[in-house]
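Asker: The residues making up each chain are set out below.
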Amino acid sequence: MSKYIVSCSPHLRDNVSTRSIMQDVCLAMLPACIAGVLFFGYRAAIILALSVAAAVLSEKFYCKAAHIKDTTGDYSAVVTGMLLAMNLPSTVPYWMPVIGSIIAILLCKMIFGGIGQNFINPALGARAILALSWANVMNTFAAPAFGNLAGVDTIASVTPVSGVANGSFTLAQLALGNIPGTIGETCKIALLAGAAYLMYKQVISWHIPVAFIGSFAACYLIFTGFNVNVTLYQVLSGGLILGAFFMATDYSTSPTTNKGKIVFGLGCGLLLFWFRYGKKAPAEWCSFAILLMNVVSPLIERVTGNKSFGEVKK
Amino acid sequence: MAITQTFGGGIHPHEIGNGKNATQSLPIVNAAAPARVTIAMAQHLGAPAACCVKVGQVVNMGQVIGEAQGAISAPVHASVSGKVVALTTCELAGGKSVPAVVIENDFEDRWDESVKPCENVDALTAQDIMTIARNCGVVGLGGATFPTAVKLNTEKLDPKPDTLVINGSECEPYLTSDHRLMVENAGQVMDGIRFAMKATGVSCAKVGIEDNKPDAIEAMKAAATEGIEVVALPAKYPQGYEKMLIYALTGRKVPNGKLPSAAQCVVMNVATCAALSDAVRKGQPIIDRVVTVAGRVANPCNLRVRIGVPLLDVIDQAGGMTEGVRKLICGGPMMGKTMSTLNTPITKNFSAFLPLGDESVSAEESACIRCGRCMRACPMGLMPAKMDALVRHGDYAGALAIGALNCMECGSCTYSCPAKRELLQAIKVAKCMGGNIKA
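Chain order of the listed sequences is X and B. The C-terminal residue of the first sequence carries number 313 in numbering that gives the first Met the number 0, and the numbering is unbroken. The C-terminal residue of the second sequence carries number 438 in numbering that gives the first Met the number 0, and the numbering is unbroken.
Source of the hints: derived by calculation from the structure; they are not laboratory data. Predicted model only: the values in this text are computed from it and were never measured. Built from N, CA and C at the ideal position, the CB exists for glycine as well. Take these hints with a grain of salt, some might be off.
Now the in silico label distances, taken between C-beta atoms and shown as ranges [claimed, not checked]:
no., chain 1, residue 1, chain 2, residue 2, range
1, B, 66, X, 112, 28 to 38 Å
2, B, 256, X, 294, 57 to 67 Å
3, B, 214, X, 110, 55 to 65 Å
4, X, 52, B, 311, 55 to 65 Å
5, B, 311, X, 62, 16 to 26 Å
6, B, 210, X, 192, 49 to 59 Å
So here's chain X without its partners, still in its complex pose (with noise of 0.2 Å):
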């Protein structure tokens, strides 16, 4: 045997991998994570910390009973953990949490063969489960107040969402998020400098984020008669920015092909446009537009094929 290696070229590899692309992410979503505990309080710490922990402990759980490779080591159960608990309002008990996680790794993500292979995102669909089966509770949200750490009883009567356009709060309130919701959605800035950096890394593309608020916001402007202050009120209130950036563009449940991932955000923009406009549904419905465009996305992709660079007209 030759001690030298044989095998096929390449025989150089970027640096990038599975765990620093998961890694970026979780980085991306710490700012809003943090703006969320600011307004939030402790709470919202415990709810990260736990989900986390229990999305992690899940998966290893799962590749010790399946005898296979421990794969937490890719931060992508991380990334699951984090965006489960940004989807939950400060309020839920903290079993809550823990079940979601649950769910979401190993009914969601794990049985269907781990990361790549699962057809929902998995914080989603736990989130789904949760907001069915405890609906209350999952519709309950404190009242931001800034830095008040030690935690807020005060329970919103209105969040943006159901308020819509009703002028509630403004658009200053809406970006910044010092409004009520889940732990990380209120705080559009930090969530739109997360994107930025995600972009900036090449982990995610404009197509999908693009297509959707895009979309998303023509139907409202159209429909309320070219109403700016309407339309930007409902583009930044509820989860459609973190939905958009975050949860749209999760690889395992969207098109990889350029002209899939347009044809998948037009159809989360347009279907939560259908969900809200016009509907006092006291839920956030991004979360079920993006679940229900997760499960045609393989079709999309189906006939949204490449074009290859030898692919002349004749």
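Position chain B relative to chain X; hints supplied.
Answerer: Frame of chain X, contents of chain B only:
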């Protein structure tokens, strides 16, 4: 300055394999002639040459020792003068075993009488140049080793080529042999280009050089004559692949499954042009070539090495290998082939010899995360991850159906994969197996 367009995709591996710094400013040095050479009979694309010498026979430098077989083939010449001591086989990069002739060097460097300068190069016809290229064993020295005489023969092509595309891009990390050749022997390269223009009957030649070699661009521009344009191209891998180069220099796309002739182009490497000049003017066959020796060696260098010199001797000239060598690579780190032994002799395709360490050994594969990086990197616009998935399910026909045959094997997909999957390997399997089952 022509407007150049660049292809979509591609990668920038230079930051990681930044081995060019080690050798790009080092002049080409003539390596000492070895005591023995092992000359492979298959150093070109096409039918291997048939050995025409016997053990014990005394041969001269430049004498034919292997005769071309068939239309797409090339003769092989003795790179030293001396005695044939064995007819054997040798293992080439990539693992193939081929017949070889071992010659013991008598250190007289006695040229064969067939090697004589051309008295009147201006009187040569296109046909004469093709005959010389064939007789002198000139093949594409960029790595593919396609017989140059076949390439130059444009008689039967319709439409006729109108542009000679010259590849001076040298887009692989570490490689500097073409770079140095252009800096030091620009005149000779240009000379070869003019012969190639004459043989192919085209009036326009475009030389593409990546902009990370300003000294080569300057030297080539200074040496350029009428009808030859030197164009700086953005440094991006794989700029030197013929389809990308044609696109950058002419704006034409070669249709899938077609050769450059479909875009009315003939593509040649700068080193091949220099060899063509030697063949036409001096009557010299290819008996040596410039090899970049870099990576884990004490003294990285650009060596002019005789064909048939075993790697062991090449390494000695570079001061020996340093610690931690894990792979022996023939060619660049992106497309080069690995070797299992240092007994492998230098062949005409040996643009570089790179002993690399841990940096060349990939981490273990993990699951595809569908990030789409391979697709973004693929200059041909293919879907490597999808092909990989199909191949792993044994669906070779499926992989071919989504264009596996259009893959040029540049390796950009595998390079970019964060899950460290062997995507190119899977595509190669599809190409290889797919042919047998015919979808």
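Asker: Take the hints in turn and mark each one as holding or not.
Answerer: A quick look at each hint next to the structure:
A hinted range of 28 to 38 Å is violated for the C-beta pair residue 66 of chain B and residue 112 of chain X, which are about 57 Å apart. The given range of 57 to 67 Å is broken by residue 256 of chain B and residue 294 of chain X, whose C-beta atoms sit roughly 37 Å from each other. At about 60 Å, the beta-carbon gap between residue 214 of chain B and residue 110 of chain X stays in the expected band of 55 to 65 Å. Distance hint for residue 52 of chain X and residue 311 of chain B: a CB-CB separation of about 57 Å, consistent with the stated range 55 to 65 Å.
A hinted range of 16 to 26 Å for the beta carbons of residue 311 of chain B and residue 62 of chain X is inconsistent with their spacing of about 47 Å. In this structure, residue 210 of chain B and residue 192 of chain X break the distance hint of 49 to 59 Å, their C-beta atoms being roughly 35 Å apart.
Hint check: violations occur at hints 1, 2, 5, 6; the rest are consistent with the structure.
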